[in-house]
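**Student:** For what it's worth, the numbering used here labels the leading residue of the sequence shown as 1, then goes sequentially.
Please note that the accuracy of each hint is not assured.
Using 25 angstroms as the maximum straight-line C-alpha spacing, the simulated BS3-like pairs for lysine-lysine come out as follows [as the list claims (entries may be wrong)]:
#1 Lys370 to Lys37
#2 Lys180 to Lys128
#3 Lys37 to Lys11
#4 Lys312 to Lys372
#5 Lys263 to Lys128
#6 Lys324 to Lys372
#7 Lys162 to Lys235
#8 Lys324 to Lys11
#9 Lys152 to Lys235
#10 Lys331 to Lys312
#11 Lys236 to Lys263
#12 Lys37 to Lys312
#13 Lys180 to Lys162
#14 Lys57 to Lys282
Quick list of simulated restraints, FRET-style, between CB atoms [said to hold, decoys possible]:
#15 Gln29 to Ala124: 43 to 51 angstroms
#16 Ser33 to Gly127: 39 to 47 angstroms
#17 Arg273 to Ser201: 25 to 33 angstroms
#18 Cys34 to Glu278: 17 to 25 angstroms
#19 Glu269 to Leu233: 25 to 33 angstroms
#20 Glu327 to Arg373: 25 to 33 angstroms
#21 Gln29 to Leu233: 56 to 64 angstroms
#22 Lys152 to Leu233: 15 to 23 angstroms
#23 Arg273 to Arg71: 31 to 39 angstroms
#24 Glu278 to Ser169: 45 to 53 angstroms
#25 Glu216 to Lys312: 40 to 48 angstroms
#26 Glu327 to Glu269: 24 to 32 angstroms
#27 Asp172 to Val244: 21 to 29 angstroms
#28 Ala215 to Asp261: 44 to 52 angstroms
If you are wondering where the hints come from, they were derived from the structure by calculation, not from laboratory data. Since the structure is predicted, the reported quantities are computational estimates derived from the model, not experimental observations. All C-beta atoms in this analysis are idealised placements derived from N, C-alpha and C, irrespective of residue type, glycine included.
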Amino acid sequence: MHILVAPNAFKNSLDARRAGDAIANGIRQSGLSCSIKSLPVGDGGDGTGTLLVEHLKGDHEQLEVLDPLGRRIKSRLGWIDAHRTAVIEMADASGLRLLKPSEYNPLIASSYGTGELIRHAVLAGAGKIILCIGGSATVDGGMGILSALGVKFIDQHGIILKTPSDLVSLADIDTGNLLKEIHDVDFRILCDVSNPLVGESGAAAVFAPQKGAGAEEISILESGLRQLASLILSKKGNDISHMVHGGAAGGVAAGLHAILDAKLENGIEAFLRLVDVETEMKKTNWVITGEGSIDEQTLHGKAPFGVARKAKEYGISVLGLAGKIPEPVDKALLEYFDELICINEPGTSLEEALRNTSFNLEKTACEWAKKKRG
Numbered sequence: 001m002h003i004l005v006a007p008n009a010f011k012n013s014l015d016a017r018r019a020g021d022a023i024a025n026g027i028r029q030s031g032l033s034c035s036i037k038s039l040p041v042g043d044g045g046d047g048t049g050t051l052l053v054e055h056l057k058g059d060h061e062q063l064e065v066l067d068p069l070g071r072r073i074k075s076r077l078g079w080i081d082a083h084r085t086a087v088i089e090m091a092d093a094s095g096l097r098l099l100k101p102s103e104y105n106p107l108i109a110s111s112y113g114t115g116e117l118i119r120h121a122v123l124a125g126a127g128k129i130i131l132c133i134g135g136s137a138t139v140d141g142g143m144g145i146l147s148a149l150g151v152k153f154i155d156q157h158g159i160i161l162k163t164p165s166d167l168v169s170l171a172d173i174d175t176g177n178l179l180k181e182i183h184d185v186d187f188r189i190l191c192d193v194s195n196p197l198v199g200e201s202g203a204a205a206v207f208a209p210q211k212g213a214g215a216e217e218i219s220i221l222e223s224g225l226r227q228l229a230s231l232i233l234s235k236k237g238n239d240i241s242h243m244v245h246g247g248a249a250g251g252v253a254a255g256l257h258a259i260l261d262a263k264l265e266n267g268i269e270a271f272l273r274l275v276d277v278e279t280e281m282k283k284t285n286w287v288i289t290g291e292g293s294i295d296e297q298t299l300h301g302k303a304p305f306g307v308a309r310k311a312k313e314y315g316i317s318v319l320g321l322a323g324k325i326p327e328p329v330d331k332a333l334l335e336y337f338d339e340l341i342c343i344n345e346p347g348t349s350l351e352e353a354l355r356n357t358s359f360n361l362e363k364t365a366c367e368w369a370k371k372k373r374g
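Build the full structure now, drawing on both the sequences and the hints.
**Tutor:** What follows is the structure in structure tokens.
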């Protein structure tokens, strides 16, 4: 028996690499006669870029950039494919994890530092850029990134706008000084959500509260993103308001698609293709995947669903492990998961569950494998 262990990160508890290690350790302890391949996955969220560089045996370059509040920090840029492809983790330059909770403020938080990484990659000769955009602190529609690349956002008086809160006054977008070399780059964005740019399920309404915005701030950000979309529609004829993935990373996906012609991709599907998971699946009997919660939302492009769907293309059995699995299980999930197991005992508090994720994954995997041993 060959088992492919391919979990996503367990949010606020365990990264994908350590989750995979815990599951693999549990299987080994069971005495089950099998081979195991650990291939932790990412869906475009925080940590995806690191996994890609690891899986594809690339390396990282250290750089100084501006953080979301304009402070100089040390960040990094990944390289794969003999330094022909740059892998950029937005969270490394513009991530929420770079700020204290008291500093969360999407009215001023900028993606400029990510733009600095992109600029460096382009000038270093990258023919392709893979941008993983999960975990950002921003809701700026890509304004910061594009500013770092030479784009000017201007109000009706000709004043250059600097912050997301200024987008409500946007009257023109000047791309005359846009880094010309970027037009020769194959630009791909791995998106971890499918939300549109604006509206009830848009970037401001859904994600700004997680980044420190209250009702008034959400309204300002929504108005700014709508103004950005309206101007792009009038200037380029491109309606980015409701495109799938457009709201990812506070609208970065929509903004970069409109100005740079960046291709937006479902994060987990792109990840699995890049690491050539199909080669591994062709020799696999069981796939084990998981993340913090497996529920109806999992079916909307989450990592475990992407892994399970790919496994089913090859007729492979799938085990899903999660800290939370609502009862009764959604019937649609059972089309992709042969077994679903909650790793926590009933009544476990969230704090306790987060603290013991590694132990519970190892224990659950061991118990499951013992049953397979017979």
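**Student:** With reference to the structure, classify each hint as holding or not holding.
**Tutor:** Tested hints:
no., hint, verdict
1, Lys370 to Lys37, "holds (18 angstroms)"
2, Lys180 to Lys128, "holds (15 angstroms)"
3, Lys37 to Lys11, "holds (22 angstroms)"
4, Lys312 to Lys372, "holds (20 angstroms)"
5, Lys263 to Lys128, "holds (11 angstroms)"
6, Lys324 to Lys372, "holds (23 angstroms)"
7, Lys162 to Lys235, "holds (21 angstroms)"
8, Lys324 to Lys11, "holds (12 angstroms)"
9, Lys152 to Lys235, "holds (14 angstroms)"
10, Lys331 to Lys312, "holds (16 angstroms)"
11, Lys236 to Lys263, "holds (17 angstroms)"
12, Lys37 to Lys312, "holds (18 angstroms)"
13, Lys180 to Lys162, "holds (22 angstroms)"
14, Lys57 to Lys282, "holds (22 angstroms)"
15, Gln29 to Ala124: 43 to 51 angstroms, "holds (45 angstroms)"
16, Ser33 to Gly127: 39 to 47 angstroms, "holds (45 angstroms)"
17, Arg273 to Ser201: 25 to 33 angstroms, "holds (27 angstroms)"
18, Cys34 to Glu278: 17 to 25 angstroms, "holds (20 angstroms)"
19, Glu269 to Leu233: 25 to 33 angstroms, "holds (28 angstroms)"
20, Glu327 to Arg373: 25 to 33 angstroms, "holds (28 angstroms)"
21, Gln29 to Leu233: 56 to 64 angstroms, "holds (58 angstroms)"
22, Lys152 to Leu233: 15 to 23 angstroms, "holds (19 angstroms)"
23, Arg273 to Arg71: 31 to 39 angstroms, "holds (36 angstroms)"
24, Glu278 to Ser169: 45 to 53 angstroms, "holds (49 angstroms)"
25, Glu216 to Lys312: 40 to 48 angstroms, "holds (46 angstroms)"
26, Glu327 to Glu269: 24 to 32 angstroms, "holds (29 angstroms)"
27, Asp172 to Val244: 21 to 29 angstroms, "holds (28 angstroms)"
28, Ala215 to Asp261: 44 to 52 angstroms, "violated (35 angstroms)"
The structure is inconsistent with hint 28 alone, although it conforms to all the rest.
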